[in-house]
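Sequence lines, in order, name chains A and R.
Numbers 42 to 687, taken from this note's numbering, label the letters of the first sequence in order.
Numbers 236 to 504, taken from this note's numbering, label the letters of the second sequence in order.
Incorrect hints may have been included.
With a Cα cut of at most 16 Å, we get these calculated EDC-like pairs of lysine to aspartate or glutamate [claimed, not checked]:
no. : chain 1 : residue 1 : chain 2 : residue 2
1   : A       : K70       : A       : E298
2   : A       : K70       : R       : E379
3   : A       : K70       : A       : E265
4   : A       : K668      : A       : D599
5   : A       : K638      : A       : E656
6   : A       : K187      : R       : E434
7   : R       : K420      : R       : D254
8   : A       : K508      : A       : D454
9   : A       : K666      : A       : E139
10  : A       : K70       : R       : E389
11  : R       : K406      : R       : E340
12  : A       : K187      : R       : D244
13  : A       : K615      : A       : E658
14  : A       : K668      : A       : D649
15  : A       : K163      : A       : D663
16  : R       : K420      : R       : D323
17  : A       : K70       : R       : E382
18  : R       : K395      : A       : E307
19  : A       : K187      : R       : E449
20  : A       : K451      : A       : D481
21  : R       : K395      : R       : E340
22  : A       : K70       : R       : D386
23  : A       : K163      : A       : D181
24  : A       : K666      : R       : E434
25  : R       : K436      : A       : E656
26  : A       : K638      : A       : D621
27  : R       : K357      : R       : E373
28  : A       : K187      : R       : D448
Coverage of chain R stretches by chain A, computed from C-beta distances (three or more under 8 Å per stretch; other residues unrestricted) [unchecked claim]:
no. : segment
29  : 377-389
30  : 396-405
Far from chain R by the CB rule (all over 10 Å, computed), these chain A residues [said to hold, decoys possible]:
no. : residue
31  : A482
32  : L575
33  : Y654
Everything labelled a hint here was simulated from the structure, so no lab data went into it.
Remember, predicted model here, so these are calculated numbers, not experimental data.
Where a beta carbon is used, it is the ideal one built from N, C-alpha and C, also for glycine.
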Amino acid sequence: MTADQLHSIPALLARNVAAFGDKPAYREKEFGIWQSWTWAQAADQIDALAAGLLTLGAVPDDHIAIVGRNRPALYWAMVAAQRIGCVPVPMYSDAAAEEMAYALDHCGARFAVVSDQEQVDKIADIREGLTELEHIIYLDGRGLRKYDHAAMTSYADVQAAGRAAGLSARLDELSAARGYDDTCVMLYTSGTTGRPKGVVLSNRNVIETSKNSSSFDGLRVGEEVLAYLPMAWVGDFIFSIGQSMWTGFCVNCPESEATMMTDLREIGPTYYFAPPRVFETQLTQVMIRMEDAGRVKKWLFDHFMAVAHRVGPDLLDGKPVGGLDRLRYALGNLFVFGPLKNTLGLSRVRVGYTAGEAIGPEIFDFYRSLGINLKQLYGQTEATVFITQQPDGEVRSDTVGVPSPGVELKIADNGEVFYRSPGTFVSYYKNPESTASTKDAEGWVATGDAGFIEEGTGHLRIIDRAKDVGQMADGRLFAPKYVENKLKFYPNILEAVVFGAGREYCTAFINIDLTAVGNWAERNNIAYSSYQELSQHPQVLGQIEAHVSEVNRSVASDPMLAGCQIHRFLVLHKELDADDGEMTRTRKVRRAVIADKFSDLIAALYSDATDVYTETEVTYEDGRKGKITATLDLRDAVIAAEQVAA
Amino acid sequence: MKDSYVTPDGRTIGGVLMDMRGITLRFGGVEAIKDISFDIREGEIRAIIGPNGAGKSSMLNVISGFYHPQEGEVWFRGAKRPTMRPYDVARQGIARTFQNIALFEGMSVLDNVMCGRLTHMKTGIFSQALWHGAAQREEVENREAVERIIDFLEIQAIRKTPVGRLPYGLKKRVELARALAAEPKLLLLDEPMAGMNVEEKEDMSRFILDVNDEFGTTIALIEHDMGVVMDLSDRVVVMDYGRKIGDGTPDEVRGNQEVIDAYLGVAHD
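Using the sequences and the hints given, assemble the complete structure.
Written out as structure tokens, the structure is:
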């Protein structure tokens with residue numbers, strides 16, 4: 042098969058079977074052992090399921106929902122859908138029933154392939170409203186024995202029926218009928234505003250993007266990746282299906298969500314992706330454990346980390362480093378960096394990416410100084426991930442890199458970033474208005490982010506969401522994310538939300554990081570009985586106040602954004618949570634929801650009060666609602682003198 | 236033996252698995268159990284409830300062969316059981332968990348659960364020490380069985396963790412895993428939910444139902460949480476001061492005046 046015939050995922054699969062049929066394609070840890078499937082075995086599983094779907098009555102262009110954590114069988118289900126010309130629609134497995142109902146109803150899925158009883162129950166709750174859903178296929182039958190099986194079959198049974206039907210000729214016919222511009226997959230965006238939108242991506246989008254990005258980083262057959270990020274997220278689709286199918290590398294699935302770190306260590310991925318939060322958590326854990334280490338170990342760690350900070354990034358970028366420093370670094374690698382990377386499961390990482398949110402410079406430098414090639418990329422679902430990424434040797438924490446291969450960028454007058462690329466999405470499903478307002482006739486797509494291209498290097502720098510960038514009452518620029526990111530870089534601040542559009546001055550809500558602050562409390566014999574109590578502890582508030590004041594100094598040094606200094610703040614009594622609608626499932630804050638829900642707190646911040654009493658409704662994981670009350674301290678931060686612009 | 240019956244949720248309960256006939260147990264002058272008879276049927280979830288000191292744990296110890304009643308007979312799988320040591324009872328296919336967790340704190344979860352396979356191991360101490368041939372094969376087979384239970388109870392993430400480092404709720408789950416590893420015909424649970432929070436109780440209830448459903452294991456449990464007992468069990472025995480004061484389905488027991496008076500408090504109009 043020639044390269045120009047590789048116009049669909051099933052075609053790539055067939056190529057992989059022919060080219061490296063006996064190499065591992067999927068691994069999953071089950072019963073304590075890594076089980077693996079070669080490309081040939083995976084293709085056989087996929088064909089069996091695809092034929093089984095045909096026997097259930099699936100026809101081309103049907104939507105097939107896929108719900109569950111990362112498992113080879115669910116990846117196969119996506120490819121099986123494509124094999125018969127259907128469109129897989131992966132969904133967030135931790136979504137509440139109503140959220141799932143919306144997506145299932147909107148895409149009109151006739152079939153759903155789900156992981157287990159939990160998902161079956163969730164769909165059962167909403168099934169009445171779903172007129173088009175005909176059949177559920179479940180993977181793990183535990184607890185489902187007593188359920189009514191009229192419209193429900195196990196994955197293995199569907200495969201058995203498929204095998205018995207002998208439809209392989211029909212499968213090839215259906216696969217061959219799919220063109221380069223037919224739909225490959227549909228993914229729902231998490232949506233910081235309003236309802237999720239179904240982003241339609243064509244085979245061209247997915248395959249061209251996979252091809253370009255694989256060659257950008259020189260990905261090849263022998264790479265190992267760990268598939269642990271939500272299957273509904275475009276990144277996972279590109280890494281675990283797009284790039285894996287294009288280059289033929291193996292996708293490893295963890296045993297369970299809780300074992301991810303152990304599994305990471307065992308697999309030792311060479312190509313690794315994680316949102317900043319994962320890197321932050323890992324670093325926090327390392328630091329906490331070093332606090333508990335013996336004096337000698339602590340000294341070794343501190344000493345060699347200082348060496349690493351000085352020369353590590355330069356070594357990684359291939360810049361000249363003195364012989365003595367090289368020797369010191371090699372010693373450090375022997376005693377500290379090597380074992381540490383091994384513990385983190387990052388020993389073999391050749392290409393590491395972080396994206397989704399800004400990453401703190403200290404965190405970024407920490408990993409790079411250990412010799413881990415961590416880079417940033419900037420992307421979105423509508424671009425099939427890649428808009429910009431950092432090439433090896435040009436990695437910095439404050440930019441998101443240069444345009445990815447095939448991507449054109451332009452910056453609008455208001456600072457909004459636009460792009461055009463082979464990955465540009467086809468449309469939003471059943472939503473021509475949104476499609477038209479996002480993508481213009483020439484194919485330029487608005488990212489919704491404000492940024493600028495750095496002179497000299499050509500790197501893109503993102504300031505904030507374009508719609509969040511506003512003006513304060515005196516007309517100065519207001520960019521909340523810019524300040525929030527600075528705040529979030531402190532290990533004891535988990536989340537921050539800054540207000541100030543149209544106001545005299547800026548204020549902020551802050552969420553403490555329970556792991557870091559809890560550990561600090563334990564170390565200092567500070568007793569607390571709840572998150573709420575800890576969050577209002579005077580010493581905690583004092584620390585946060587110091588951080589805010591420090592951030593103010595840093596903000597004041599930028600003449601353009603000096604107006605964004607935080608005058609007053611409070612520490613929230615609950616963690617912002619996706620279950621309460623305050624964040625998206627990918628953990629981005631929903632400003633409008635928060636501003637509305639906590640309007641009493643915002644009003645108090647803009648008053649003279651020193652504390653405020655509040656009642657908040659919370660939703661528990663099982664969907665029940667409760668109420669928590671608290672009296673929150675309102676604190677003033679130190680305002681730094683602004684540098685007068687010349 | 237009486238006929239089988241079908242539960243409201245559609246499970247078929249088989250014939251009598253264990254029959255307690257006129258059991259009386261004394262400690263010196265104290266009569267802990269006074270002439271109690273009841274049966275446990277194959278595939279059912281049978282609860283024993285009662286206020287503190289009613290003799291529930293003593294009853295469980297009689298079933299598990301730890302206490303030997305002065306009067307009465309224990310019939311298991313259609314035969315009268317002679318006086319037995321607890322390990323003989325384990326070999327017969329009865330496994331239990333304890334009210335106060337009895338795990339090996341310094342050992343990993345995996346090793347603790349492997350202990351439950353003891354009755355399934357045939358090779359001797361020397362061949363196991365050499366770990367060759369039959370002993371090695373046997374360990375692999377048993378490990379596989381244990382891994383299925385670890386998967387079933389969702390404790391993969393703590394497989395290698397020493398039990399002493401685990402929170403209470405997880406220890407309870409590990410104990411259940413160890414009991415299940417023995418592949419028992421009859422599983423005895425002594426207050427499986429004691430000291431747990433609501434979420435842990437929900438998890439444990441689901442595991443108990445799943446064990447019963449997946450493996451067809453007959454379960455006898457003692458529990459204080461009335462909500463749990465009424466939701467889980469097919470039939471309930473109620474004890475008070477060593478006497479049996481009620482026996483029947485949760486609804487029957489709930490309506491029994493003597494039970495209400497003794498246990499649930501006197502009803503007011």
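Here is what the structure says about each hint:
1. A:K70 with A:E298: holds, 12 Å
2. A:K70 with R:E379: At roughly 13 Å apart (the allowed maximum being 16 Å), E379 of chain R and K70 of chain A satisfy the hint.
3. A:K70 with A:E265: Measuring from Cα to Cα gives roughly 14 Å; hence the hint holds.
4. A:K668 with A:D599: Not satisfied, since the Cα-Cα distance of roughly 42 Å exceeds 16 Å.
5. A:K638 with A:E656: Distance ~10 Å between K638 of chain A and E656 of chain A Cα, so the pair holds.
6. A:K187 with R:E434: violated, 23 Å
7. R:K420 with R:D254: holds, 14 Å
8. A:K508 with A:D454: holds, 14 Å
9. A:K666 with A:E139: Since the Cα atoms of K666 of chain A and E139 of chain A sit roughly 15 Å apart, the hinted pair holds (cutoff 16 Å).
10. A:K70 with R:E389: holds, 13 Å
11. R:K406 with R:E340: holds, 10 Å
12. A:K187 with R:D244: Holds - the C-alpha atoms of D244 of chain R and K187 of chain A are around 8 Å apart, at most 16 Å.
13. A:K615 with A:E658: holds, 10 Å
14. A:K668 with A:D649: violated, 27 Å
15. A:K163 with A:D663: It holds: about 11 Å lies between the C-alpha atoms, which stays within 16 Å.
16. R:K420 with R:D323: Satisfied, since the Cα-Cα distance of roughly 14 Å is no more than 16 Å.
17. A:K70 with R:E382: holds, 11 Å
18. R:K395 with A:E307: holds, 14 Å
19. A:K187 with R:E449: holds, 11 Å
20. A:K451 with A:D481: Holds, at about 13 Å.
21. R:K395 with R:E340: holds, 13 Å
22. A:K70 with R:D386: OK: K70 of chain A and D386 of chain R at ~11 Å, within 16 Å.
23. A:K163 with A:D181: With a Cα-Cα distance of about 15 Å, the restraint between K163 of chain A and D181 of chain A holds, given a limit of 16 Å.
24. A:K666 with R:E434: holds, 15 Å
25. R:K436 with A:E656: Status violated; Cα separation ~29 Å.
26. A:K638 with A:D621: holds, 10 Å
27. R:K357 with R:E373: Between K357 of chain R and E373 of chain R the Cα gap is close to 8 Å, so the pair holds against 16 Å.
28. A:K187 with R:D448: Holds: K187 of chain A and D448 of chain R sit about 9 Å apart, inside 16 Å.
29. 377-389: The restraint on the segment 377-389 of chain R holds, since 8 of its residues have a Cβ under 8 Å from chain A and three suffice.
30. 396-405: violated (count 0)
31. A482: Its Cβ never comes within 10 Å of chain R, the nearest being 52 Å, so this holds.
32. L575: For L575 of chain A, whose nearest Cβ neighbour in chain R is about 20 Å away, the distance exceeds 10 Å, so it holds.
33. Y654: holds, 28 Å
Comparing the model with each earlier hint shows violations of hints 4, 6, 14, 25 and 30; every other hint is respected.
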